[in-house]
Amino acid sequence: MSLRIEAAQLGHLLEVIRNAGYDLLGPTVRDGAIAIDRISQLSDLPQGITDEQEKGLYRLRTQASPSYFGFSAPAQTFRRFLQPPTQTIFWASRDTPGGPLRMRSGSNVDSKLAFIGVKACDLAAIGVHDVVFGCDPNPQRPAADPLIKDQLYGMRRENLLIIATECGQAGSTCFCASMNTGPEIEAGYDLRITEFVDGEHWMLIDAGSEQGDTLLSHLAGRPASEDDLTTREQLLERTRRSMGRSLDTRNLPQQLARSFDSPAWEDIAERCLSCANCTLSCPTCFCTDIEDATDITGRTAIRTQRWDSCFNKEISWLHGGQVRKSTASRYRQWLTHKLSTWHDQFGSSGCVGCGRCITWCPVGIDITEEAARLTAGTEASS
Amino acid sequence: MTGRDSVDGLWAPQALRIANKVQESTDVFSFELELEQSFDIRPGQFNMLYAFGKGEVPISMSAGPPTTTRLVHTIRNVGKITTDICAREPGEEIELRGPFGNTWPLESALGGDVVIVAGGIGLAPMRPVIQALLANLEQYRRISVVCGARSPYELIFREDVEEWSARRDLDFHATVDIAPRGWTGTVGVVTSVIEQLSFEPQRTTVMTCGPEIMMRFTADAFCDRGVPAESIFLSMERNMKCAVGFCGHCMYGPHIICRDGPVFRYSRLRDLLHIREL
Numbered sequence: 000m001s002l003r004i005e006a007a008q009l010g011h012l013l014e015v016i017r018n019a020g021y022d023l024l025g026p027t028v029r030d031g032a033i034a035i036d037r038i039s040q041l042s043d044l045p046q047g048i049t050d051e052q053e054k055g056l057y058r059l060r061t062q063a064s065p066s067y068f069g070f071s072a073p074a075q076t077f078r079r080f081l082q083p084p085t086q087t088i089f090w091a092s093r094d095t096p097g098g099p100l101r102m103r104s105g106s107n108v109d110s111k112l113a114f115i116g117v118k119a120c121d122l123a124a125i126g127v128h129d130v131v132f133g134c135d136p137n138p139q140r141p142a143a144d145p146l147i148k149d150q151l152y153g154m155r156r157e158n159l160l161i162i163a164t165e166c167g168q169a170g171s172t173c174f175c176a177s178m179n180t181g182p183e184i185e186a187g188y189d190l191r192i193t194e195f196v197d198g199e200h201w202m203l204i205d206a207g208s209e210q211g212d213t214l215l216s217h218l219a220g221r222p223a224s225e226d227d228l229t230t231r232e233q234l235l236e237r238t239r240r241s242m243g244r245s246l247d248t249r250n251l252p253q254q255l256a257r258s259f260d261s262p263a264w265e266d267i268a269e270r271c272l273s274c275a276n277c278t279l280s281c282p283t284c285f286c287t288d289i290e291d292a293t294d295i296t297g298r299t300a301i302r303t304q305r306w307d308s309c310f311n312k313e314i315s316w317l318h319g320g321q322v323r324k325s326t327a328s329r330y331r332q333w334l335t336h337k338l339s340t341w342h343d344q345f346g347s348s349g350c351v352g353c354g355r356c357i358t359w360c361p362v363g364i365d366i367t368e369e370a371a372r373l374t375a376g377t378e379a380s381s
Numbered sequence: 000m001t002g003r004d005s006v007d008g009l010w011a012p013q014a015l016r017i018a019n020k021v022q023e024s025t026d027v028f029s030f031e032l033e034l035e036q037s038f039d040i041r042p043g044q045f046n047m048l049y050a051f052g053k054g055e056v057p058i059s060m061s062a063g064p065p066t067t068t069r070l071v072h073t074i075r076n077v078g079k080i081t082t083d084i085c086a087r088e089p090g091e092e093i094e095l096r097g098p099f100g101n102t103w104p105l106e107s108a109l110g111g112d113v114v115i116v117a118g119g120i121g122l123a124p125m126r127p128v129i130q131a132l133l134a135n136l137e138q139y140r141r142i143s144v145v146c147g148a149r150s151p152y153e154l155i156f157r158e159d160v161e162e163w164s165a166r167r168d169l170d171f172h173a174t175v176d177i178a179p180r181g182w183t184g185t186v187g188v189v190t191s192v193i194e195q196l197s198f199e200p201q202r203t204t205v206m207t208c209g210p211e212i213m214m215r216f217t218a219d220a221f222c223d224r225g226v227p228a229e230s231i232f233l234s235m236e237r238n239m240k241c242a243v244g245f246c247g248h249c250m251y252g253p254h255i256i257c258r259d260g261p262v263f264r265y266s267r268l269r270d271l272l273h274i275r276e277l
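Read top to bottom, the protein sequences are chains S and C. For the first sequence, numbering that gives the first Met the number 0 assigns the number 0 to the initial residue and increments by one for each residue that follows. For the second sequence, numbering that gives the first Met the number 0 assigns the number 0 to the initial residue and increments by one for each residue that follows.
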């Protein structure tokens, strides 16, 4: 059942969540962008702020609307709170060379996290990572080994509280409607908020879990009316129509699987700097490197896991050289993985349509344009 | 709360004592490791061997059948991690975690002809298969082994090779690219030997491990002789860090080699092997 609340109730909700022992993480303005960071109260949210996004362009603007979530994909994603950019896997030590190895665990998970204001695209991305890291609560396909899961990710994920928000406006690099990940949010949340500014500033809140139900019981509001629900439908329809980008996904994985020899990759490589911005801003990218090192005594070793990128040459190191030497091959790996081979590997697309890779590409390479170009003319053969 | 007090089982290596070390060629060494508990690893699978503070390398098991007392790995000394491991001596330990990956199709090959084609160090992952076949000869028809190396000096497992060459129940061929005086085996690439093999294509299982280019030509040679691509198995290699599909290093088009492989049917690789820099 949906509850209609005054927007100011959101502050109370944050307080209830904080009092339940959660660390709150949500959108906040930092360095001229919407970052995802620790927040503690309503005033930390970017109220009255919206964003302008285009190829290689990101800018914040103030707007007359007092909305708290009136922006599209934040500059950062929630990824780094479930899979930190750097974490210690273990410490190992031996007192004598060749002596027995003593192991100690590295990074710990010592707090419960609450994600506030998760957009539809970013919520879908968490679902994608759940599958990748063996933590999908409802596996669609049998895992190779159901016992294998990323333990640190799983521990953070298990206690995660998700307060999702539906977008009332799509950005000009958004295409979640094409990827079927938004703008409506159907599952995967504890609470779902839809924000409205129409003379009044109010919200519809739905619970998607028992925990959500409990939180909801702390809020003063009234059951949503038919009109309220219709207003939500209309808002989502407006958002759907305002998507700045679109991607035709019919047969896309199959068409891209036949595109590996296309000359278009070379053309993209003429522009691509191989800078890895797209992979760092992407909410579904998950590649990591493992680094082993010792301290200066040589008696203590550390294993560190850190974000990697398919644009780094070293990722494909084999037998003293790189497999993917050219920028063309690395961009091809990135795009075909997102839109085609992800389906083979994990049973879904690896793209959620957030548009960050378009916005944050310093040379303005647009995944929707490139995918369309790569598949143009292959329709007949499909 | 949710703190962890032990190292994630996925990442924790176990230390195994080196019982025996054999130098197989100039830069290839085999290590027999003592097992205190049973270690369920099968031909085709690999372990991640750890060099303290330096890193890990994926290494296949190189002798079978799986026994409860010994685990064998054969390692070529090529980089800083393998150099560290190859320098160890009996009595010292090797830390490893595993097993990972899938297995050679010994079961589905039952009742038919089997051809093994190995190139260089690629013989290491194939040796447990050859041993398993020889231990169950009556369950297979004709068994052929083609073993290629750059030169006789790079041919590993010499004792086994001598024994296999002498057997009448095994059609064994060793071939080298460059032969010194005194070499009595074949000279030439493995595909030139494949032409001489006898097998019934529709009832044949091919398993090959070696350089990618060798495996591709090998697979094509068997396809040309009528073996279905589904019955030809290749063991693929890419950079691996986690060994369970989480780190993204060993992606190969639609496949994650550590998770979906390393053994793949040729039918699932044929369209990929010709793609450069995949």
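Warning: the hint list may mix true and false statements.
EDC-like cross-link-like pairs, simulated, lysine to aspartate or glutamate; straight-line CA separation at most 20 Å [what the hints assert, rightly or not]:
#1 K53(C) <-> E157(S)
#2 K312(S) <-> E91(C)
#3 K79(C) <-> D22(S)
#4 K79(C) <-> E157(S)
#5 K79(C) <-> E290(S)
#6 K111(S) <-> E157(S)
#7 K53(C) <-> D291(S)
#8 K79(C) <-> D227(S)
Keep in mind that the hints were calculated from the coordinates and are not lab data. Values in this document were obtained by computation on a predicted structure and should not be read as measured data.
Hint-by-hint comparison with the structure:
no., hint, in the structure
1, K53(C) <-> E157(S), "violated (33 Å)"
2, K312(S) <-> E91(C), "violated (35 Å)"
3, K79(C) <-> D22(S), "violated (43 Å)"
4, K79(C) <-> E157(S), "violated (39 Å)"
5, K79(C) <-> E290(S), "holds (14 Å)"
6, K111(S) <-> E157(S), "holds (9 Å)"
7, K53(C) <-> D291(S), "holds (5 Å)"
8, K79(C) <-> D227(S), "violated (66 Å)"
Against the hints set out earlier in the document, violations occur for numbers 1, 2, 3, 4 and 8.
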